[in-house]
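Trainee: The lines below spell out each chain.
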Amino acid sequence: MRKILQLALLVLGWLVILGGFLWAPLGKGFLGHSSRILFFHVPMAWASFIAFIAAGVWSVRYLIGRDEEHDRSAAVAVELGLLFGVLATVTGAMWARTMWGAFWNWDPRQVSIAFALLFYAAYLALRSSIPDEEARRRLTASYAVLGLAIAPFLFFIAPRMVPTSLHPEPVINAQGKPAMESRMLMVLIGGFVWATALFFWLHDLGRRCARVVARREAPPLPVE
Amino acid sequence: METGTLTWVLAVNLVIWAGIFLFLVRLDRKVRELEKKS
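For the protein sequence lines, the chains are A and B, in the order given.
Following our numbering from start to finish, the first sequence increments by one per residue and tops out at 431.
Following our numbering from start to finish, the second sequence increments by one per residue and tops out at 39.
There's no promise every hint is true.
Stated by the list, open to error - EDC-like, lysine to aspartate or glutamate: derived pairs with alpha carbons at most 20 Å apart:
{"no.": "1", "chain 1": "A", "residue 1": "K210", "chain 2": "B", "residue 2": "E36"}
{"no.": "2", "chain 1": "B", "residue 1": "K38", "chain 2": "A", "residue 2": "D314"}
{"no.": "3", "chain 1": "B", "residue 1": "K37", "chain 2": "A", "residue 2": "E276"}
{"no.": "4", "chain 1": "B", "residue 1": "K37", "chain 2": "A", "residue 2": "E388"}
{"no.": "5", "chain 1": "B", "residue 1": "K38", "chain 2": "A", "residue 2": "E424"}
{"no.": "6", "chain 1": "A", "residue 1": "K210", "chain 2": "B", "residue 2": "D29"}
{"no.": "7", "chain 1": "B", "residue 1": "K37", "chain 2": "A", "residue 2": "E424"}
{"no.": "8", "chain 1": "A", "residue 1": "K235", "chain 2": "A", "residue 2": "E388"}
{"no.": "9", "chain 1": "B", "residue 1": "K31", "chain 2": "A", "residue 2": "E424"}
{"no.": "10", "chain 1": "B", "residue 1": "K31", "chain 2": "A", "residue 2": "D411"}
{"no.": "11", "chain 1": "A", "residue 1": "K235", "chain 2": "B", "residue 2": "D29"}
{"no.": "12", "chain 1": "A", "residue 1": "K210", "chain 2": "A", "residue 2": "E341"}
None of these hints come from the bench; they were simulated from the model.
Fair warning: this is a prediction, and the values are worked out from it, not measured in the lab.
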């Protein structure tokens, strides 16, 4: 079953890339082929958001049950959220260079994702700065729970509060409808599924690696 | 962008994704072996 799912992810990735480059039409109002980056940039930002929310949920579960596995899951989710967030920022900057003439324009969307990345980078800094394991888990979990309010605000609310943004209209427009051609939408939805599945696979790998490392570093049980 | 350039970018993207995928599959296998040992 695992192999079938992995193979499906490989094929889905190829389909999204092929669809994005060959099948989907060019976006109206975009320079050249710059709209094609949308199929990779938006799913990366989505996976980043999913990761930060998942980190918050696992942190709540840790605070309730004090299960180390939930703490590890939260930490891995934050690391992956940062990875996807950086990829979203870099692809967005590449697009901005073509459309706006500069990689960084202090657009509300660029600033809000930069704040989100700094917020979660601070999570990792906090995690590495507390030597006591129990205190570290408790404090970082509380911090990630705070992120449950911060992440939706920075990803969805803050960029919409500034009317001067040059960023294109979101996928779902103000009327609650997807504002793009149907083939573009299909490739984009495929991209969302691909990025989400990739996040969960990477998360599973990261969590299992962390568990193996924790077992190896644990002091040996006393011999009777 | 010329069609030839677009095809190159497409091919590079396909190969990069295949490479990442193979790396992850191998990593998955290695982690499973380590889990069995520990």
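Trainee: State for each hint whether it applies.
Mentor: Each hint, compared with the structure:
1. A/K210 to B/E36: holds (18 Å)
2. B/K38 to A/D314: With a Cα-Cα distance of about 51 Å, the restraint between B/K38 and A/D314 is violated, given a limit of 20 Å.
3. B/K37 to A/E276: Roughly 18 Å between the alpha carbons, so the hint for B/K37 and A/E276 holds.
4. B/K37 to A/E388: Violated. B/K37 to A/E388 sits at ~49 Å, over the 20 Å cutoff.
5. B/K38 to A/E424: holds (14 Å)
6. A/K210 to B/D29: holds (11 Å)
7. B/K37 to A/E424: holds (16 Å)
8. A/K235 to A/E388: Within the cut-off at roughly 10 Å; holds.
9. B/K31 to A/E424: holds (18 Å)
10. B/K31 to A/D411: holds (13 Å)
11. A/K235 to B/D29: violated (42 Å)
12. A/K210 to A/E341: violated (37 Å)
Of the numbered hints stated above, those contradicted by the structure are hints 2, 4, 11, 12, listed in ascending order.
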